[in-house]
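Chains A and B, in that order, are what the protein sequence lines are.
Using full-length UniProt numbering, the first residue of the first sequence is number 1, and each one after it goes up by one.
Using full-length UniProt numbering, the first residue of the second sequence is number 1, and each one after it goes up by one.
It should be emphasised that the hints constitute simulated quantities derived from the structure, not laboratory data.
One or more of the hints may lead you astray.
Copies of the same chain look alike in the list, so a pair counts if it fits in one copy or across any two.
No farther apart than 20 Å at their CA atoms in a straight line, the calculated lysine to any residue pairs in the SDA-like style are these [claimed, not checked]:
{"hint": "1", "residue 1": "Lys-45", "residue 2": "Ala-181"}
{"hint": "2", "residue 1": "Lys-45", "residue 2": "Arg-175"}
{"hint": "3", "residue 1": "Lys-122", "residue 2": "Glu-238"}
{"hint": "4", "residue 1": "Lys-122", "residue 2": "Asn-76"}
{"hint": "5", "residue 1": "Lys-122", "residue 2": "Glu-170"}
{"hint": "6", "residue 1": "Lys-45", "residue 2": "Ser-89"}
{"hint": "7", "residue 1": "Lys-122", "residue 2": "Leu-174"}
{"hint": "8", "residue 1": "Lys-45", "residue 2": "Gly-157"}
{"hint": "9", "residue 1": "Lys-45", "residue 2": "Arg-182"}
{"hint": "10", "residue 1": "Lys-45", "residue 2": "Ala-35"}
{"hint": "11", "residue 1": "Lys-45", "residue 2": "Val-124"}
{"hint": "12", "residue 1": "Lys-122", "residue 2": "Val-6"}
{"hint": "13", "residue 1": "Lys-122", "residue 2": "Ala-102"}
{"hint": "14", "residue 1": "Lys-45", "residue 2": "Thr-15"}
Residue-level listing of the chains:
2 protein chains.
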Amino acid sequence: MNRWPVPEPEIPDGTHPALAAVARAAVGAFRDACARFSAPELAEKVGMGADGTATTRLDMLVDTAVAAAVDVCGVNLLSEEIGVIDNGSAVTLVVDPVDGTANAVAGVPLSSFAGVVAVDGKPVESLTTWLDTGRSWHARAGEPGPWRTSGRRELDGAAVSLLRPHARNEAAWLRVSRRAARVRILSSSCLEAALVAQGSTDAFADAGSDTHRIMDIAAAAVLVPAAGGAVMDAFGREVEIDPDLTRRWSGVVAATPELAADLAATIRGSEVG
Amino acid sequence: MNRWPVPEPEIPDGTHPALAAVARAAVGAFRDACARFSAPELAEKVGMGADGTATTRLDMLVDTAVAAAVDVCGVNLLSEEIGVIDNGSAVTLVVDPVDGTANAVAGVPLSSFAGVVAVDGKPVESLTTWLDTGRSWHARAGEPGPWRTSGRRELDGAAVSLLRPHARNEAAWLRVSRRAARVRILSSSCLEAALVAQGSTDAFADAGSDTHRIMDIAAAAVLVPAAGGAVMDAFGREVEIDPDLTRRWSGVVAATPELAADLAATIRGSEVG
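Next comes chain A alone, as it looks inside the complex:
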């Protein structure tokens, strides 16, 4: 027995019906996949995703269930593995069916579903569901939600979540690490953004490795501002929904716009003082 059961998601009332349906489909497929397959089977590369990275069996199973739910709802989909499904709707769901795939296949209980409702390309609503507990964070763009960030404005003394360092960004990673009071690497970007929204950590960033795809930060870009925080790219590129899945960002998710700017400048090596 090396894996825990997957609970029902706690999807808040008022969530867009298509977003709720897709989230439930993702959780159901995740549960079935974890019950049927071993960790090596879940992790097996079974194809190539629309974003140009390998697709695991787990990704494939959950994405397939998401696509089926999208077709039933008659909305469009933009997803990491499948790419674009155009059902001729004004509504597009931008979905990361399993954020933190490496955690999920191994049984590290830190992976999430994250989805955004976009109307005519503009994000209006987000839902992040922690797959291992069912806990969910829902927000509407531009409306203060139930979550509040910590309000911290400076990196010195902050608690920061990061992606792991790579050779290409080790110096930037260390600049951030040396200034932060706490450093965590949970390996689930959407969950780490939700922890910023609820004030449990001050910030989350890709410290300049350009690993983030739009699905990794789209839900944060709705949820975190609704909690008083900010989301930006470390190099100033606009965080926007784009069907070109080869685009990458170094997402910075922070309790305040001031902390986001401080963190981004530190990542770029252009901080003042």
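With chain A fixed as given, assemble chain B onto it according to the hints.
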């Protein structure tokens, strides 16, 4: 609403009655503390622990409940904050009431209770309970348990959890990080050891910062060998129960003795090849 409810712990049948009672007392006190106090109140330093580090209000409340349960059971206690309670028993519980205090006070849902039953100073049984979900890992020293490690023998390509880097061990931390395929920092040593036991990650280590106290690795030293893995100190010091709470270790918890040795050598900078 910036905090999730604390569930009942899932304590396995056959757990030593005193260990089970203390775990339930810790979870109950954790739940009450989280319901009554804000994050800054939980984090407030209210005294100095027996281990020479500051005690938060959360630590104090949970440790007090643990001490009361220990007295009811008539066993002895060795705990971070309280130190030694000698009730004249042959049985001593070695307890970390809240492992991952910084996570716990902030609402990062990664903190755990960890306890070991020692008879005449020798560890015989361990229980680790993830406070935020109730999931528990129980083991008896020297008996194969229900959990199996990944079986990995080499650091290259391994998934490794680490404590955050400090100035004093940054070089060692980077030596490990550069060889590992995945790096995580969950900031709860006992939980990270449990993930090694269940095969979800290959290893967990303090990369030479000598941060670990005996409570941080005592449960791992029972649980992980019972799952096929190994626990050692990076510098070869014996991992032993000692009422001298000023002692520190750099714990290495790994899927196999070979991986533990590879990781320890890499931390020391004495790896071959």
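Evaluation of the provided hints:
{"no.": "1", "hint": "Lys-45 / Ala-181", "in the structure": "between (38 Å within a copy, 16 Å between copies)"}
{"no.": "2", "hint": "Lys-45 / Arg-175", "in the structure": "neither (35 Å within a copy, 29 Å between copies)"}
{"no.": "3", "hint": "Lys-122 / Glu-238", "in the structure": "within (13 Å within a copy, 59 Å between copies)"}
{"no.": "4", "hint": "Lys-122 / Asn-76", "in the structure": "within (13 Å within a copy, 62 Å between copies)"}
{"no.": "5", "hint": "Lys-122 / Glu-170", "in the structure": "neither (34 Å within a copy, 43 Å between copies)"}
{"no.": "6", "hint": "Lys-45 / Ser-89", "in the structure": "neither (32 Å within a copy, 55 Å between copies)"}
{"no.": "7", "hint": "Lys-122 / Leu-174", "in the structure": "neither (35 Å within a copy, 41 Å between copies)"}
{"no.": "8", "hint": "Lys-45 / Gly-157", "in the structure": "between (41 Å within a copy, 16 Å between copies)"}
{"no.": "9", "hint": "Lys-45 / Arg-182", "in the structure": "between (34 Å within a copy, 17 Å between copies)"}
{"no.": "10", "hint": "Lys-45 / Ala-35", "in the structure": "within (19 Å within a copy, 44 Å between copies)"}
{"no.": "11", "hint": "Lys-45 / Val-124", "in the structure": "neither (34 Å within a copy, 42 Å between copies)"}
{"no.": "12", "hint": "Lys-122 / Val-6", "in the structure": "neither (32 Å within a copy, 37 Å between copies)"}
{"no.": "13", "hint": "Lys-122 / Ala-102", "in the structure": "neither (30 Å within a copy, 37 Å between copies)"}
{"no.": "14", "hint": "Lys-45 / Thr-15", "in the structure": "neither (33 Å within a copy, 40 Å between copies)"}
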